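Trainee: Here's the letter readout for the chains.
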Amino acid sequence: MFNQSTIGGFGNATTPSTANPMKDFEVTQPPDDSISSLAFSPATLSQNFLIAGSWDNNVRCWEIEQSGKSVPKSMQACGGPVLDVCWSDDGTKVFMAGCDKQAKAWDLASNQVVQVAQHDAPIKTCHWIKASNYSCLMTGSWDKTLKFWDTRTPNPMLSINLPERCYCADVDYPMAVVGTAGRQIIVYQLDGKPQQYKVLDSPLKYQHRCVAIFRDKKKTPTGYALGSVEGRVAIQYVNPTNPKDNFTFKCHRSNGAPTGYQDIYAVNDIAFHPVHGTLATVGSDGSFSFWDKDARTKLKSSELMEQPITRCAFNSNGQIFAYAVSYDWSKGHEYYNSSKKNYIFLRSCYDELKPRTSS
Amino acid sequence: MGRKKKKMSKPWCWYCNREFEDEKILIQHQKAKHFKCHICHKKLYTGPGLSIHCMQVHKETIDKVPNSLPNRTNIEIEIYGMEGIPAADLREHERQRLGSVSGTISGSDDEDEPASKRVKPEGLLGNAPGVMSGMPGVMQGMIPPPGMPPGLPMGPMMSMGPMGPQFMHPGMPMMPPHMAMMQGQGGPAKPLFPSAIPCSSPGASIVGADFKPISSAATISAPPTTNTPSSSDGAKVNTIATTGATSKIIHPAEDISLEEIKSRQPKYAKTIPTKSDETASSSSTTASDMEHVYMQNYLANAVSAAQQAAVQQAKQAEAINHAAMMQRFPVRVSGPPITMALPGGPVMAPMRHTMIPGPPTLIGGHLMRPPPISMPPGMIGVPPGMVYGAHMFPAAPVLTPMMQPRFR
Chain G
56 MFNQSTIGGF
66 GNATTPSTAN
76 PMKDFEVTQP
86 PDDSISSLAF
96 SPATLSQNFL
106 IAGSWDNNVR
116 CWEIEQSGKS
126 VPKSMQACGG
136 PVLDVCWSDD
146 GTKVFMAGCD
156 KQAKAWDLAS
166 NQVVQVAQHD
176 APIKTCHWIK
186 ASNYSCLMTG
196 SWDKTLKFWD
206 TRTPNPMLSI
216 NLPERCYCAD
226 VDYPMAVVGT
236 AGRQIIVYQL
246 DGKPQQYKVL
256 DSPLKYQHRC
266 VAIFRDKKKT
276 PTGYALGSVE
286 GRVAIQYVNP
296 TNPKDNFTFK
306 CHRSNGAPTG
316 YQDIYAVNDI
326 AFHPVHGTLA
336 TVGSDGSFSF
346 WDKDARTKLK
356 SSELMEQPIT
366 RCAFNSNGQI
376 FAYAVSYDWS
386 KGHEYYNSSK
396 KNYIFLRSCY
406 DELKPRTSS
Chain L
-13 MGRKKKKMSK
-3 PWCWYCNREF
7 EDEKILIQHQ
17 KAKHFKCHIC
27 HKKLYTGPGL
37 SIHCMQVHKE
47 TIDKVPNSLP
57 NRTNIEIEIY
67 GMEGIPAADL
77 REHERQRLGS
87 VSGTISGSDD
97 EDEPASKRVK
107 PEGLLGNAPG
117 VMSGMPGVMQ
127 GMIPPPGMPP
137 GLPMGPMMSM
147 GPMGPQFMHP
157 GMPMMPPHMA
167 MMQGQGGPAK
177 PLFPSAIPCS
187 SPGASIVGAD
197 FKPISSAATI
207 SAPPTTNTPS
217 SSDGAKVNTI
227 ATTGATSKII
237 HPAEDISLEE
247 IKSRQPKYAK
257 TIPTKSDETA
267 SSSSTTASDM
277 EHVYMQNYLA
287 NAVSAAQQAA
297 VQQAKQAEAI
307 NHAAMMQRFP
317 VRVSGPPITM
327 ALPGGPVMAP
337 MRHTMIPGPP
347 TLIGGHLMRP
357 PPISMPPGMI
367 GVPPGMVYGA
377 HMFPAAPVLT
387 PMMQPRFR
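Those sequence lines, one after another, are chains G and L.
Take any residue in the first sequence, note its place counting from 1, add 55, and you have its number in my numbering.
With my numbering, the residue at position 231 of the second sequence is 217, and numbering never jumps.
Footprint (simulated), chain L over chain G, 3 or more residues, beta carbon under 8 Å:
1. 135 to 149
2. 259 to 269
3. 385 to 398
Everything labelled a hint here was simulated from the structure, so no lab data went into it.
In this text the structure is predicted, and so the values were computed from the model without any measurement.
We treat Cβ as the ideally placed atom computed from N, Cα and C, and that holds for glycine.
Construct the entire structure; sequences and hints are all you get.
Mentor: Structure follows, in structure tokens:
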């Protein structure tokens, strides 16, 4: 239903076909500036809500209907560009963090916003942690700290120093991974109390850009995928049973064979499918790809968008893949064109991400 | 007949030097080991066949025959069983085989094939740089090189604990005594984080020393062992070699994140300083000033609590700190890395000031808890200030399965 052309005509009429080469559903009233963050509501809500943080300082919320239609619901402003957003586990709150060095909790029911975190530098990541004995917001900042906030108190429950500025992080209880500048990776264990578990040398030779935790067959977090600016993703197990379990693969590179010159783009985001365990990567080249890390194969790659894809997200049951098309600054400010429209597209993805070998 | 058979060598695989009883089996072996497409697992018949298959079906180039010896990777030679083997290699193989007959035939067989397999156990211990170097200096000291006798006394570093048992040398004692003790209190070891156990025990003193290396103190002391010079904030001279011989990385040359570069743009930066200025100025004010700020913004009872907390903090900050910590986490980790911002401390005051006015939230840590301001989920009226005029935000926690069929 989601991808059928009868309904698919929606929203596409006004969009030039080059901007939407995959003919996906376009989210209405997209942000006015680059989209920095995307997150779908957790499974605790029966409907699908999508939130997006933007460099225009706003966080927007849409309801995504089964038909693929997006209904703008609400918007909140922050004091600066938003760099990350996340949901609380019960779906009642949205957390947003950004260049104003703060993280705020947006209570959707009351539409009230309360500051819940403060750093000395912009906050790059925020993640909600739901543990058995505590719940808190984890914020990672360019001030080289990782802080944990019980959202009702002004002081962090815990502050952990990072070796470098936080560039990317992911949380899947009881595991957290932080990628920093200087190509460092730190794994934390969250049960009982957040603690450093391991510091790892990077398997990648270039700057870390995104990280996503994956689970094993028993649905326990077991490793992570790390993306770098050099069009490469590393699949890393925290405790590999065999060193060969860890590997890297190239992606988001041009096939510039005629000139003999290849353009290599940054991997902007990685997301794992909640059901299949396969993954999606999006890149500065303006494409998304679906991969099966266990079979080590590419399942699908998209056409190129007009602009880079900055973030992506799966909804809680893995039916919808959302990706944000907007400029990511990878070619500097010269290539920034504020008149170019930003897009968030929705794709029915459940079957495309099925691992092939299972059949 | 018999004489001829003896003279004839067994069929052997050009790619991996393995001998087989029968050419049929050799062909099976080649199809499974050397001519199988790693993407779709289709078994092809020859190296060029595999190459063409991958090119046409998967648009991938295969430059080496899988699982082949380093000097036998050539994908262009068409070999099927014993057919197509270069004459020189045939002769060479025959010569080697005759030479080794004086030894044992099976010996040569062993040497050729399972060599790669024999390496593996070593790899687990010593050949996993990406894994091992996680805690450089520490780990390396720990893992005895493969040649060392097992069961060496472990350094004190073993108390680090958090590496999976597979990293331990087989001969090592599984656990140092104090770790075993902790484990005893904890519960079943978890597969992912074997060292996660001590958290549940309130005996802070026991684990404090043990946690130390795990806590961020280790992170701070680690940098000397990491090869990346952490760029100091002031001078970010690190650059990315964006241009290679045949490729170009589409990224600014500066080795900082795109977001950092972007946020420096005047367009975005202008929104930031307003906040930071305020923060900077107010954070330089004295403690009493901060309390003043509090008073202006918050209800009297909340303020008094804050004052109390602030006064207490001046005298026994450490104690409160400890108490607050104990309340939230059963274990208090001692050590410098965990910085608890003090109640009503400098971090907080400016932050409060800039907050969106709302009902009094917690002041003075965990001492009091405000009544819930928002209605419980599920009984929500029309929230104020909904931008797009939506009616309400559904918050009823429904755990029914999503409507998959319709969605597809």
